[in-house]
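J.: What follows is the residue order along each chain.
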Amino acid sequence: MHPGPLAASDLASYLPVGLILLMAVGFAAANIFLSRIIGPSRPGGVVKGQTYESGMNPVGTARKRFNVRFYLIAMVFLVFDVEIVFLYPWAATFPNLSPGTDEGLVWLGRIFFFLFTTVVAYLYGFRKGVFKFD
Amino acid sequence: MIDRIEFLWPEIALFVTTCVVMVLGLSRRIESRRMTALVTGLGLIIAGVLAARTTPIPGPRSGQVLLPELIPYAKVLIASVGSLLLLLQAGTVDRAEEAAIAAGQRPYDPLRTNRAEYYAFFLFSLTGLMLCASADDLIWLFLALELTSLPTYIMVAMSTGRARSREAGVKYFFLGALGAAVFLYGFALIYGGTGSTNLNAIHAHLAAHGLNLTALAGFILAFLGLCFKIAAVPMHFYAADVYQGAAPQVSAFLAFVPKAAGFISILLLTATIGWSYAADAQGPLYTPITQSAYDALEGAVSMGLPEPIRVFLWVIAALTMTVGNVLAILQKSVKRILAYSSIAHSGYMLVAVLAGPNNGTFSQSGLAAVLFYLLVYGVGNLGAFAVLACLEGRPDADGEPAEIEDVDDIRGLWKTRPLLAWVMTLSCLGLMGLPPLLGFFGKLPLFTSGLAAGEIVLVVILGLNSAVAAYYYLRLIKASLIDPPSDADLPATPTPFATRTLAGVLSAAGVVVLAFVGGGLMDRSERAARYTSMMAVAPPPPPRKTPYVPGDDTPFPLPIPIGAR
Amino acid sequence: MLHQALHLLPTLAAAPPAHADSGAAATPGGQLLMLVPALCVLAALFSALSGPLKIRSKIPGYFSVACLAGAFVAVLLTYLGHESGVKIAHGFEWITFKWGDGPGQALTGNFAFYVDSLTLLWMLFVTGLGALIALYSVEYMADDVGLGYARYFFAFNIFVLSMSCLVMADNLLLLFLGWEGVGLCSYLLIGYFYKKPVAVAAAKKAFIVNRIGDLGLVLGLLATFVAFGTLGYDPLFAMIRAGVDAKGAPIADSWVTDVIPLLLMAGAFGKSAQVFFYVWLPDAMEGPTPVSALIHAATMVTAGVFLIARMYPLYAADDDHMALSLVAWCGAITALWSATIGMSIFDIKRVMGYSTISQLGYMFAGLGLLAPTGAAFHTLTHAFFKATLFLAVGAVMHGFGGQLDLRRLSGVARMRGFGIVGLAMLVGSLNLSGVPGTAGFFSKDMILAQGFSTPASMIEAPQAIAWVLLLTAGLTAYYTFRAFFRVFTGPVEYLPGDDEHLLEHGRHPKGTTLAEWHKQHGHGHGHDHAHTELTGVAARRAHGRKDFDPTTEEFDPHPPGWAINASLVICALLAIAAAALYFVKTPHAEEGGWVGGMIERSSAAFHSPHEFNLLGITSHSAMYLVSALVGLTGIAVAAFLHAPKGWQGLFLGSRDTAATSRADALTPRLGRVARWARAKWYVDELYDWFLVKPLRGIAYVSSWIDKLLVDGLVDAAGALPARVGRVLRPSQSGVLHGYAAGMAGGVALVLLLVLIVLN
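Residue numbers (the numbering used here), protein chains in the order written: chain L, 3 to 136; chain H, 17 to 581; chain P, 26 to 784.
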């Protein structure tokens, strides 16, 4: 069921949303302020001022250059990732389609078109040389 | 939903072409790579032919029903201007790389070339633009708009090898994201205010219940966000920097494609609101008024957009054209002049949006005026940018030729490159709206539709602005056609890409020829602007001056959510 | 597209012509004449394109000749197929303004031709002479082959096009288009040598003086429309024939027949260089000579005559013929006035120019004296013999480096290659002087005879006009033969002119330009000084040598080639043959021969009364004798004063060098009169003092007002956008977050305003 139209005065129905926003902001602000006020402040020591890196000593600068391939692989991964994300809800819905109509065919066509775009993306990545690990 | 496919063949053709181009552009063989542009053009032509063969069917099957004839006109326009733009794109990317490969300095490395991506983005953007025209739903419209814009961000960044282009691309991206956020917020509020994302349903709701505050805020935000696409105040800041940073052929693309997307979207949105509201409507709602009710009032009120939206568009239009023109006057860079003039042209077109369909004839319909002016502006603007794209300065250390940008650089073009001088002259005269040329026949309906809608003051502002605009256009003409060549040793030399010149000559010829043989185009745009409002058949509005009673909502008459069939 | 555009402008809505050309005898036909403008346009386009196409040959010239000849053939064929009555060749709807359905509520100007015998008469000599003179120009302009050639022939063809529109128009609006078109071409061609300041000034003068006359024409057109509700000849003439205006009121004694003819007359006088307006024509001689021949002698300047002849029904409809009297008197005074100037100046081309003004005066006098046939006949004969004269003068000018001073040329006819020129000049001079048997004699006679027979009840003092004209005839014969005897007969002597073309082509020897010659001898340019000096130089160069061989001298005269000679011969033959037209028997008219037949069949027909009043013989017979006597006397005086000794000077002359003649001794005795006449009666100076200078003063004052007040306002308005732009410019800083802040701030502001203020 779709939501009914909201009239001008119904701007008030957005009140809960506003309240949640207010609470979120307030919670975050309160935490920062409270820790400032309540928490002890004892600056000093080299180790204490260091960047926290899972308990290890930080090595080198944070502005390190990564190999561009790192990003490429991340993006190619994303292609398949997104594909899976879309395929799950599709697969979950497909059995519930009304039988006896051609609706199933339409849905099949749609997902094939979607897969086709994924294949094109893959093909593109392949020709671009993303999968060359030399 | 499957029915809609038959109206989407042009987009599908473009998409398939995109897939082919993306792979073809990465071929090892130079011959195959060279085919990329050709295939792109083929795809555009096929899409154009398919669009021309589309016959709109009245009713919800073909999508939105308010502007039923819009689809074929808009898509054919997009395909044809797109083809012209394609001619201009020759050699934009990979020029130095291909030269190095041909010279045997480097082997072919797909990671170093951009050809496939460039043409794919080009087509993606045009696909998005066509989808805008097909949109019947806010979500569809949003996705189409983003598909139009996203590729352009990258096209700007990769159009030249210079840092300035990257900077422009990044600026464009961030500000574009902000703009998109604004109109997405607006779409959400429209949904909130009317209960649907379907344009027909929104219209039906507005026709029956009037415009409430939520929807009003939504429309205002949506328009503001779309102002980014058309580069209108207050979202115009990016235009000059981005146009200047991008290569001229990409600037030409930016000046047409996002603008067309923006105006088509604005037309669709204003069509859902409709132009039949009594101007003096009282109360919290802007109640629509049918023609019969209007007639009963014997012209005591004038009809138009709901007052807040009318005033909003009025102010935006006036500010946009004024700001664009006064800033253009001060510029030395041709690209910035054209960028600001592009802002001003958006302002001109907003006048016609404001005017609405009136009686639907070409001379009175603002919608027809906008649709026709898109063509006029697209052709004229393309010619002016083509001149810049056809020229280049001496190459720098990286072999990247310097860009021709300053007005001084095109001085004395009549002596060195007479053809380009004439292209510049005709394009500028066309953009200026000089009588025998196409620009005049484009601009006249802007005036007449505004007058027909009774917007006298705005039309006067439009006239004054046209006069101001003549200053900088004449400056360009003077530089290229009258001034002696600058004494520096020939700053501008021609590019080796003949198709760019061809694009310029074709658009300059268009400015002249279409003015004499373009009567059919006027008829087409008049037909494309046919506006079928439900307001004529809507139930009579609640008696005027009766306060609105909250909770009095009748069940929504036409709920057509997506995929609910 | 045009259709659409018309939709956009509601006032321009296309409408059917309000007055379907009804009544009268006009029938569709004469479509062949559409070829004339078409061919002219074709030739003009080709000429114009030959410039950018870098055609560096005489092709555009020959092409124009071919096209104009084609146009002539089209006119000729139409003439041969023309019996009588009026045909209207409809081209296309040109202008339609409509603001109602009633009569006089639509202004239509169709591109259509009104083909009657008057039109054909004019068209025959316009296109015929056009083709001939184009042929002459092919050679005359040969030095300018290239861009100048293209420019020349473009303007030439556009001229013929405009003249055809003027003559063939079926309404006054199209006539006006042609009228302005010929004015423009005249301007372009007078200023053809645009590097010469004199030529540019002359072009401007011609244009401006014509504008003043055109104001009258425009007002006349408006008045015609107000009175008759149409500008088409056919409905117009129908109403005039019925003697009523559009409202049905009689016109004979109303303002219609007084005001409109006077206004049209102002336009006609401007174009045809009559009193007050004539000053532009002598200066127009700065243009290339073929142009002077075609435009400023044969065709364009007769446009005024044509206008009055075309609108003759309106002139004749007046009960007291007030306008016609004025036309006659102005014509006669102009004729006499310019003849006196022609007698005294030394520039032979300008002599021809003043002679043209004088002869145009004859034509107007003829129109005014109710002799339209005489006027038309004189127009025709004058077109041929004056063209001949100009072409001959042009050949001399072409050959002697632009020399035109009759004191610096002598015996040209006897020089190698100049025989045809001399003969042609003689033919033209005989015609102009009205020697019995020539065409000019008969045409002049028709006007004179009518002058003596028109009753004083119809025109103010016609006899006085006739006497003035008769006196003018004598003066004409004198100045014509003065030029002829001085330049073409006598000992062979010459001093070449300082024509730039010759200098450029290296044909002009060093140190022989007049300017340099004068510099060497320490004298100014003044005519009076030059005169005495010339005796010396002429004597130095060629005194007494009959075997003068130009080739051994410093300057090489340039005899005319085949094209010039051919057109000269044809023109001269036509001038001779025109006399035969007088004896052509035609069933349409009792007198006037062929031309009489043409005029009688046209709207200009007027049955002039033949009142006998001279010594008991018919006025024509009397005039034959009197005018022959006057003409021959003039020639004899010219011979006595200017001719060389021996048979060349009819045994009357005494001149033995280029510059010594009996006139030189006589002139000082005339004192001031001669000096004033030579100074053209100081008319230019008078105009300068009483019109140009005051106007310039007003212009000066208003230019300051314009600069300070108007420009100040405009500048302020113009500076405003730039000022605003400067204020706005900092917003375009290029900083990303600045832009984002601007956008977000703008969105917030707008939203707030809309939701709070507007709600």
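It should be emphasised that the hints constitute simulated quantities derived from the structure, not laboratory data. Ideal Cβ positions, reconstructed from N, Cα and C, are used throughout, including at glycine. There could be a bad hint or two in this list.
[To be verified] For lysine-lysine, the following BS3-like pairs were computed, each having C-alpha atoms within a straight-line distance of at most 25 Å:
1. P/K220 - H/K431
2. P/K705 - P/K610
3. P/K220 - P/K83
4. H/K431 - P/K79
5. H/K494 - P/K732
6. L/K66 - L/K134
7. P/K705 - P/K221
8. P/K718 - P/K705
9. H/K348 - H/K494
[Said to hold, decoys possible] Take a look, some chain H residues computed to stay more than 10 Å from chain L by CB distance:
10. S43
11. G57
12. A106
13. P126
14. L127
15. L166
16. N216
17. D424
18. S482
19. V533
J.: All hints are to be evaluated individually against the structure, with a verdict given for each.
T.: How the hints compare with the structure:
At most 25 Å may separate the alpha-carbon atoms for a hinted pair to count; P/K220 and H/K431 meet this at roughly 23 Å. In summary, the hint linking P/K705 to P/K610 is not supported, as the alpha carbons are separated by about 43 Å, beyond the 25 Å threshold. Straight-line distance between C-alpha atoms of P/K220 and P/K83 comes to about 23 Å, which keeps the hinted pair within the 25 Å bound. For the hint pairing H/K431 with P/K79, the CA-to-CA distance comes to about 16 Å; that is within 25 Å, so the pair holds.
A threshold of 25 Å between alpha carbons decides the hint, and for H/K494 with P/K732 the separation of about 24 Å falls inside it, so the pair holds. Note on L/K66 and L/K134: the hinted pairing holds, with a Cα-Cα distance of about 23 Å set against a maximum of 25 Å. For the hint pairing P/K705 with P/K221, the CA-to-CA distance comes to about 22 Å; that is within 25 Å, so the pair holds. A hinted pair counts as satisfied when its Cα atoms are at most 25 Å apart, and P/K718 with P/K705 qualifies at roughly 19 Å.
A C-alpha spacing of about 14 Å is found between H/K348 and H/K494, which places the hinted pair at or below 25 Å, so the restraint holds. With a least beta-carbon separation of about 8 Å from chain L, H/S43 fails to lie farther than 10 Å from that chain, contradicting its non-interface assignment. For H/G57, the shortest C-beta to C-beta distance to chain L comes to about 20 Å, beyond the 10 Å cut-off, and the non-interface label holds. Every Cβ of chain L is farther than 10 Å from the Cβ of H/A106; the closest lies at roughly 22 Å, confirming the non-interface assignment.
Here H/P126 does not stay apart from chain L, with its beta-carbon only about 5 Å from theirs, under the 10 Å limit. Some Cβ of chain L comes within 10 Å of the Cβ of H/L127; the nearest lies about 5 Å off, and the non-interface call is violated. Taking the minimum C-beta to C-beta distance to chain L, about 15 Å, the non-interface status of H/L166 holds against the 10 Å cut. Non-interface status of H/N216 relative to chain L is upheld: no Cβ of that chain comes within 10 Å, the nearest being about 15 Å off.
At the 10 Å boundary, the C-beta of H/D424 stays outside the reach of chain L, the nearest C-beta of that chain being 40 Å off. Distance check on H/S482: its Cβ is at least 40 Å (rounded) from any Cβ of chain L, clearing the 10 Å threshold; non-interface status holds. In this structure H/V533 is separated from chain L by more than 10 Å, as the shortest Cβ-Cβ distance comes to about 41 Å.
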